[in-house]
Amino acid sequence: MQIDQVAIAVLGAAAAWLSQARSDSFRRWACIFGMLGQPFWFYASWKAQQWGIFAVSVLYAMAWMKGLWVHWIRPARSRKSGIGTIQLTPEVKKK
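Going by the numbering used here, the sequence shown runs without a break in its numbering and finishes at 95.
Hints are computed from structural coordinates only; laboratory data are not their basis.
Cβ atoms here follow ideal geometry from the backbone N, Cα and C, with glycine treated the same way.
A few of these clues could be false.
Said to hold, decoys possible - DEER-style ranges, computed between Cβ atoms: (1) Ser-25 x Val-92: 22 to 32 Å; (2) Phe-54 x Trp-17: 47 to 57 Å; (3) Trp-51 x Ile-86: 46 to 56 Å; (4) Ile-53 x Ser-25: 27 to 37 Å.
Make the full structure from the sequences, and use the hints.
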């Protein structure tokens, strides 16, 4: 088995596993492992001339980049943004 295949399996499984974590602190690492696996996807699909897989790898890379932006790059928004939720209570029928 080649190193690219091992890296794809290990990093892809780690990214999928972390994306399903209950803890935000673990879940934010999914995009890191996903992005670490992308060069191996690019190399393997290029080497095998699997252009459809290569194109899908580009889409996955963009999705992982969004995760990097949301969890690592973008500053955290304050919870006190002035926007609240509205709770509608059920009407009580009058007899």
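Evaluated hints:
no. : hint                        : in the structure
1   : Ser-25 x Val-92: 22 to 32 Å : violated (44 Å)
2   : Phe-54 x Trp-17: 47 to 57 Å : violated (25 Å)
3   : Trp-51 x Ile-86: 46 to 56 Å : holds (50 Å)
4   : Ile-53 x Ser-25: 27 to 37 Å : holds (32 Å)
Violation of the numbered hints given earlier is confined to hints 1, 2; the remaining hints are satisfied by the structure.
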